[in-house]
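Each chain is listed here by its residues.
There are 2 protein chains.
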Amino acid sequence: MKARVHVTLKTGVLDPQGKAIQHALAGLGFAGIEAVRQGKFIEIELRDSDPGEARRRVEAMCKDLLANPVIENYAIDIEAG
Amino acid sequence: MKARVHVTLKTGVLDPQGKAIQHALAGLGFAGIEAVRQGKFIEIELRDSDPGEARRRVEAMCKDLLANPVIENYAIDIEAG
Numbered sequence: 002m003k004a005r006v007h008v009t010l011k012t013g014v015l016d017p018q019g020k021a022i023q024h025a026l027a028g029l030g031f032a033g034i035e036a037v038r039q040g041k042f043i044e045i046e047l048r049d050s051d052p053g054e055a056r057r058r059v060e061a062m063c064k065d066l067l068a069n070p071v072i073e074n075y076a077i078d079i080e081a082g
Numbered sequence: 002m003k004a005r006v007h008v009t010l011k012t013g014v015l016d017p018q019g020k021a022i023q024h025a026l027a028g029l030g031f032a033g034i035e036a037v038r039q040g041k042f043i044e045i046e047l048r049d050s051d052p053g054e055a056r057r058r059v060e061a062m063c064k065d066l067l068a069n070p071v072i073e074n075y076a077i078d079i080e081a082g
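From first to last, the protein sequence lines stand for chains A and B.
Last residue of the first sequence: number 82 in this note's numbering, and the count goes up by one each step with no gaps.
Last residue of the second sequence: number 82 in this note's numbering, and the count goes up by one each step with no gaps.
Fair warning: there could be bad hints in the mix.
Claimed, not checked - List time: in silico DSS-like cross-link candidates among lysine-lysine, alpha-carbon distance up to 30 Å:
1. B:K64 <-> A:K3
2. B:K41 <-> B:K20
3. A:K64 <-> B:K64
4. A:K64 <-> B:K20
5. B:K41 <-> A:K20
6. A:K3 <-> B:K3
7. B:K64 <-> B:K20
8. A:K41 <-> B:K3
9. A:K11 <-> B:K3
10. B:K11 <-> A:K64
11. A:K20 <-> A:K64
12. A:K20 <-> B:K20
For the record, the hints were derived by calculation from the structure and aren't laboratory data.
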């Protein structure tokens, strides 16, 4: 079973990495870019067979390690198979 | 218009960051984790109004800056609005 986790900065939290990308793109000649935000994308291959249990475990992983709940949001997608 | 870009390491490319997460999760007591891969997730807010044109431009951004096509794959989702 595969879990896909998106970890993104909360609205209002400064994202210097996103700003750096935005400026680099502008420097390369890409116009009309209003904002860039960079987050993390984590794919976890699990031995679990129950999707509900897998989601519960991945949620605990997010809270314990993958995300900083003070400044980051996380979203979990569970894909069977 | 918003573009969501996933940049992931190609299959076969070593992912030390993913391995570090996997070992840290095991150290925290999470069992049954077979693999972890970490990628990047980039959200770009564009002034474009044509989804096809937006996709073409974001594809150019991926090739020029966001991804290293030698070792990374990228996937683009365009969301109108």
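List, from low to high, the hint numbers that the structure doesn't satisfy.
Number 3 - this is the single hint that the structure violates.
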